[in-house]
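K.L.:
Keeping their order, the protein sequence lines are chains C and R.
Using UniProt numbering, read the first sequence as starting at 1 and increasing by one per residue.
Using UniProt numbering, read the second sequence as starting at 1 and increasing by one per residue.
FYI, nobody ran anything at the bench for these hints, they're computed from the structure.
Hints may contain errors.
Within a straight-line C-alpha distance of at most 25 Å, the following computed SDA-like cross-link-like pairs (lysine to any residue) qualify [what the hints assert, rightly or not]:
id, chain 1, residue 1, chain 2, residue 2
1, R, 27, C, 278
2, R, 275, C, 244
3, R, 275, C, 238
4, R, 275, C, 35
5, R, 275, C, 33
6, R, 261, C, 230
7, C, 275, R, 275
8, R, 275, C, 288
9, C, 275, R, 245
10, R, 275, C, 79
11, R, 275, C, 320
12, R, 275, C, 118
13, C, 242, R, 242
14, C, 275, R, 325
15, R, 242, C, 318
16, R, 275, C, 247
17, R, 275, C, 117
18, R, 242, C, 288
19, C, 275, R, 394
20, C, 275, R, 320
21, C, 275, R, 119
22, R, 275, C, 37
23, C, 275, R, 399
24, R, 275, C, 241
25, C, 275, R, 38
26, R, 275, C, 316
27, C, 275, R, 213
28, C, 275, R, 77
29, R, 275, C, 213
30, R, 275, C, 331
31, C, 242, R, 244
32, C, 242, R, 240
33, R, 275, C, 394
34, R, 275, C, 324
35, C, 275, R, 116
36, C, 275, R, 115
37, R, 275, C, 38
38, R, 275, C, 119
Since the structure is predicted, the reported quantities are computational estimates derived from the model, not experimental observations.
Number of protein chains: 2
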Amino acid sequence: MPLDEALAAKILKAVDDGFEAQIEYTKTLVRYPSRRGEEHAVQDFIFQEMRRRGLTMERFAMDEEAIKRHPGGSPFSDTHSKAPIVVGIHRPKAETGRSLIMQGHIDVVPEGPEAMWTSPPYEPRIDGDWFYGRGAGDMKAGHGSMLAVLDAFKAIGMQPASTIYVQSVVEEESTGNGALQCHLRGYKADAAIIPEPSGGKVTRANVGVVWFQIDVAGFPVHVREAGNGQNAIEAAFGVIRKLRELEAQWNEKAKDDAWFKDQAHPINLNVGKIKGGDWASSVPAWCTVDCRIAIYPGEKPETMMRAIEDAVARATREDRFLANNPPRVTWNGFTTEGYVLEPGSEAEAVLARAHERATGETLLPQLIPAYLDGRVYALFDKIPTLNYGPYCELSHGFDERFSIASLKKSTGAMALFVAEWCGLEAI
Amino acid sequence: MPLDEALAAKILKAVDDGFEAQIEYTKTLVRYPSRRGEEHAVQDFIFQEMRRRGLTMERFAMDEEAIKRHPGGSPFSDTHSKAPIVVGIHRPKAETGRSLIMQGHIDVVPEGPEAMWTSPPYEPRIDGDWFYGRGAGDMKAGHGSMLAVLDAFKAIGMQPASTIYVQSVVEEESTGNGALQCHLRGYKADAAIIPEPSGGKVTRANVGVVWFQIDVAGFPVHVREAGNGQNAIEAAFGVIRKLRELEAQWNEKAKDDAWFKDQAHPINLNVGKIKGGDWASSVPAWCTVDCRIAIYPGEKPETMMRAIEDAVARATREDRFLANNPPRVTWNGFTTEGYVLEPGSEAEAVLARAHERATGETLLPQLIPAYLDGRVYALFDKIPTLNYGPYCELSHGFDERFSIASLKKSTGAMALFVAEWCGLEAI
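So here's chain C without its partners, still in its complex pose (with noise of 0.2 Å):
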């Protein structure tokens, strides 16, 4: 039943009221350096947090063995954050609405060379409209929001009617083990909204997203022994090669595909990082290139992972160094899939309605070829997972903003999904 008039141009206002504190919580939040691994002081300051709003406190650790059992369950490196996971649950006086989980991550990816942001990336700093930092968009601005949400009803003497989740987990940007711990953990709702930063569009499918390791290591020299073709680095170049043709190949197959049919790119290859060698004389012998890449929803991530392991054995044979060193293949994060949020929902519709009332714009789909942590709620279990949050720049990127506006819009539009999903009751 939609929401009353009178009452969510309440709970706007109560969100307009309290966006100073919401803004403010979002700068503490960025001024944690919570890449991966370094998660626990950010953590411990969200779980004092969430306590002292009265929600239910449980924070625990990854079951690395279960996640190892489960399908939507990645390999575990050597650099797997070991930081707890913060979940809030808040429980109604009667549960009359519909449950919900809200789930933020509050891993962020790391800054790379600080010479290269204009200003220090964990020292918030606000523009006008953009507000920078790393993880300010992806995804501190929408954590912060849940909670923000929960204070504007206190703020009108409510709060919602049924039980929530509120989640806030670790290695999203790397495996999705987080999130596939709050479900191996038995939190159920009947749907899961994450405010990542989708512009205000809510995601109607992502991709799968796979990562690996490609290792060349063999027989190194003095330079002047040096032959070409005996160097791990441009060993490796070859090895790149191929996998760019395994991403041609995928893209082909993108008309064939029901939601990414009309992306010109939807599968991107990622050489995102590489290390090799350790002298400028010395023919490297090493080479160490990690790499990103996607797969369409529906997809498993082994078709994947074998396709890779072809294009490394083709470049193999093709390269005198290759062929005497066989480089070496290492899932050291995401095998995941992708999920496709089903039209027609009613989670959905009360989504479009809160968010014309909010914004006084239609609700629009949009698809995002990156990993989401929906992708947990979606595929396994199998309630409709709104990913819906403010708009973002660069993320992963230097000087990394969002827009201060649309965080203000994405908050009262989640704060009356949340009122209409749930329900209201005075405290």
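Could you slot chain R onto chain C? The hints should help.
P.N.:
The following block gives chain R in isolation, referenced to the frame of chain C:
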């Protein structure tokens, strides 16, 4: 005047008798991990060892300004060694012979991943005739042989009858500035001998070397926004392809070189080290590549430096990423000329006799397509410079090793050379 047969035999026997102690001394040298900048401890050890033998000791730093002004100076970078140069000076009772510079470098190149070694690189290991260890061949075996020669004379109650500078230098593997600093210090002699691992041959000519670093840095984004060609790592590959073309052109010119005309590939470009990007799912905005290339003796390094800049400029014109983000070339090591040991010198004739007597074989000349410190004495002191030492394999590689038998022979030959060149007097 050729050495007296009986004296020569006594000297060779003394070298033999001292050889066990020489190997122990070499082991001690190898145990010091004297990578670039980390030569302080071993230089102090060598200082003590030379002083104990009664040499007059000098220990001094490099004069960066003087090196910069000298045409043979290489640029200083952040990683330039600050370890001292150690020189022991032998003065005879009566200066009746010809003076000599004996020089060895004590710096070693990085060992690389230790897992690729059969045994730990700084734990000397002997297996049959092979002595294993990082720097064992290049050139701690030869370095130790300098003092072994003086020890052999002492064992028979003799000492050289002319001034000898025994110079232990650093920066041989990266700039050649250590040797140049000895020249700037003002040491002068009638010849120089450097027991690099030449495999029992004398070096007729070597190449000059230029080190350079290429920095590609630009505008990064989330992988989902990535188009091809926006990747700093792959853009760097484009630069390397142009540098390989440059290398091919320079090898074409081999046929015009007086010394290297019969060599198939004297000019080796080495792509020695690469580092780029921060995260598998972030498009890399930076990549740094360390390279080394050679030039024919007689060519100025500046000629190659301009050619490198031109090759990088060509790559920049052909690549979208580079066109928007022109790479930076930094000269961060060697900018040195090659040298020639002109045939017919008396010093070489003395070495040939010494070699033949110690080994029973004719001394053969050899071309080395790598940097040698000898260039300082050949080019700037214009004295005969003999690069002559034991047989080594896999210098700069894993499981670097030298032949113990070859070291005994080259030490014997060097002792006979010194005895004839400098003359001997009773202690």
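K.L.:
Against the 25 Å threshold, does the CA-CA distance of residue 275 of chain C and residue 325 of chain R hold or violate the hint?
P.N.:
Holds: residue 275 of chain C and residue 325 of chain R sit about 21 Å apart, inside 25 Å.
K.L.:
Given the hint that residue 275 of chain R pairs with residue 320 of chain C, test it: the Cα-Cα distance must not exceed 25 Å.
P.N.:
With a Cα-Cα distance of about 23 Å, the restraint between residue 275 of chain R and residue 320 of chain C holds, given a limit of 25 Å.
K.L.:
Has the given pair, residue 242 of chain C with residue 240 of chain R, been kept, meaning a C-alpha gap of at most 25 Å?
P.N.:
Holds: residue 242 of chain C and residue 240 of chain R sit about 18 Å apart, inside 25 Å.
K.L.:
Does residue 35 of chain C sit within 25 Å of residue 275 of chain R, going by the straight-line distance between their CA atoms?
P.N.:
OK: residue 275 of chain R and residue 35 of chain C at ~20 Å, within 25 Å.
K.L.:
With the threshold set at 25 Å, check whether the alpha-carbon distance from residue 242 of chain C to residue 242 of chain R stays at or below it.
P.N.:
20 Å, holds
K.L.:
Holds or violated: residue 275 of chain R with residue 394 of chain C, Cα cutoff 25 Å?
P.N.:
22 Å, holds
K.L.:
Would you check the hint for residue 275 of chain C and residue 116 of chain R, treating anything up to 25 Å between C-alpha atoms as holding?
P.N.:
Since the Cα atoms of residue 275 of chain C and residue 116 of chain R sit roughly 16 Å apart, the hinted pair holds (cutoff 25 Å).
K.L.:
Between residue 275 of chain R and residue 118 of chain C, does the CA-CA distance stay at or below 25 Å?
P.N.:
23 Å, holds
K.L.:
Is the Cα-Cα distance between residue 275 of chain R and residue 117 of chain C 25 Å or less?
P.N.:
19 Å, holds
K.L.:
Between the alpha carbons of residue 275 of chain R and residue 316 of chain C, is the straight-line distance 25 Å or under?
P.N.:
23 Å, holds
K.L.:
What's the verdict on residue 275 of chain C and residue 245 of chain R, does the C-alpha distance respect the 25 Å limit or exceed it?
P.N.:
Given that 25 Å is the threshold and the Cα spacing comes to 24 Å, the pair holds.
K.L.:
Residue 242 of chain R and residue 318 of chain C: Cα distance at most 25 Å?
P.N.:
21 Å, holds
Consistency with the previously given hints is maintained throughout, with no hint failing.
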